[in-house]
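**Q** Chain by chain, the residues:
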Amino acid sequence: MKISVIVTLKKDVLDPQGKVVHQALKGMGFNTVKEIRQGKYFEIDIDESDKKKAEEKAQDMCKKLLANLVIEDYRIIGS
Amino acid sequence: MNSSVIIFPGSNCDRDMDVALKKFGFKNKMLWHNDTELPKSDLVVLPGGFSYGDYLRCGSMASKSRIIDSVIKFAKSGGLLLGICNGFQILTETELLPGALLRNKYSKFICQNVFVKINNSDNKYFKNIKKNVLELHIAHNEGNFFCSNDQMKEINDNNQIAINYCNQNGEINDIFNPNGAIKNIAGLLNKQKNILGMMPHPERMIDSYLSGEDGSIFFENLMGNLK
Numbered sequence: 000m001k002i003s004v005i006v007t008l009k010k011d012v013l014d015p016q017g018k019v020v021h022q023a024l025k026g027m028g029f030n031t032v033k034e035i036r037q038g039k040y041f042e043i044d045i046d047e048s049d050k051k052k053a054e055e056k057a058q059d060m061c062k063k064l065l066a067n068l069v070i071e072d073y074r075i076i077g078s
Numbered sequence: 000m001n002s003s004v005i006i007f008p009g010s011n012c013d014r015d016m017d018v019a020l021k022k023f024g025f026k027n028k029m030l031w032h033n034d035t036e037l038p039k040s041d042l043v044v045l046p047g048g049f050s051y052g053d054y055l056r057c058g059s060m061a062s063k064s065r066i067i068d069s070v071i072k073f074a075k076s077g078g079l080l081l082g083i084c085n086g087f088q089i090l091t092e093t094e095l096l097p098g099a100l101l102r103n104k105y106s107k108f109i110c111q112n113v114f115v116k117i118n119n120s121d122n123k124y125f126k127n128i129k130k131n132v133l134e135l136h137i138a139h140n141e142g143n144f145f146c147s148n149d150q151m152k153e154i155n156d157n158n159q160i161a162i163n164y165c166n167q168n169g170e171i172n173d174i175f176n177p178n179g180a181i182k183n184i185a186g187l188l189n190k191q192k193n194i195l196g197m198m199p200h201p202e203r204m205i206d207s208y209l210s211g212e213d214g215s216i217f218f219e220n221l222m223g224n225l226k
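As they're listed, the protein sequences go chains A and B.
Following numbering that gives the first Met the number 0, the numbering of the first sequence begins with 0 at its first residue and continues without gaps.
Following numbering that gives the first Met the number 0, the numbering of the second sequence begins with 0 at its first residue and continues without gaps.
Just chain A, with the same shape it has in the complex (with noise of 0.2 Å):
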């Protein structure tokens, strides 16, 4: 079964990464462009059929390794 995973800064942590890709972005005319935010997408493989239990296994990843959550937070986007 996939799992997908999004890793993103949480709302008030500054992403300098994200700032430079929105000037680059605005450089090349994309004038409309507010902001941009960057973020982390992971794509889990992983051998297990009961969809409950891979989402508890990948939630459990994202708290122990995937996600900082002092600064990070994490959405599971679908199995």
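No wet-lab data here; the hints were simulated from the structure.
Using N, Cα and C, we set each Cβ at its ideal position, and we do this for glycine too.
Worth double-checking, as some hints may not be accurate.
Unchecked claim - The following label-pair restraints were derived from C-beta to C-beta distances:
1. 112/B - 26/A: 27 to 35 Å
2. 167/B - 77/A: 49 to 57 Å
3. 9/B - 28/A: 22 to 30 Å
4. 107/B - 26/A: 12 to 20 Å
5. 52/A - 111/B: 48 to 56 Å
6. 3/A - 72/B: 31 to 39 Å
Given the coordinates of chain A, assemble chain B onto it according to the supplied hints.
**A** For chain B alone, coordinates are given in the frame of chain A:
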């Protein structure tokens, strides 16, 4: 005095640290990240570098390495644990120190000398230190210390800020903050004050051939406090 330096794949200040520790009288051992046992140590050092290529987040992989359980056990029983630069990042990732080190505010890798002022000298690292402001070297991309408001309150309540970025006169101000760190924090202690994480590299300032010798003051003082 016995010290141990942990080498992770991608560490690159481990040998500098080895040279510095030996110069100031430590019997130092180098340990590989896949080892599980710590030899008897008065000081354990997590050196600077780019452990595991900085993959995922700086220090995150190292914080799950095989040796880390022994390091955590050592620190939790009161052993002196020093993390420099990437070592500081590893200490926050293991949650031995609060907060996190974010990407530098101005999106640049910073490599320069800075001044830091000692804020708390009631610990083995800075007690009796003969200078209150040290000139040290920083080289990092993620040194922007960040923490939640609750963590900041705890840090203040327990006087955990070890050193702040400042100018040569010890003035702490935004304009002397190289990376955007909250409150100009350059180094942090745990509540018990046996764990120190700092972005500056004292091991790079131990010889007149290098750009300064204030790192010598740090190591000499630490050795003096351990004797």
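**Q** State for each hint whether it applies.
**A** Against the structure, the hints:
no., hint, verdict
1, 112/B - 26/A: 27 to 35 Å, "holds, 33 Å"
2, 167/B - 77/A: 49 to 57 Å, "holds, 55 Å"
3, 9/B - 28/A: 22 to 30 Å, "violated, 39 Å"
4, 107/B - 26/A: 12 to 20 Å, "holds, 18 Å"
5, 52/A - 111/B: 48 to 56 Å, "holds, 51 Å"
6, 3/A - 72/B: 31 to 39 Å, "holds, 36 Å"
The earlier numbered hint that this structure contradicts is number 3, and it is the only one.
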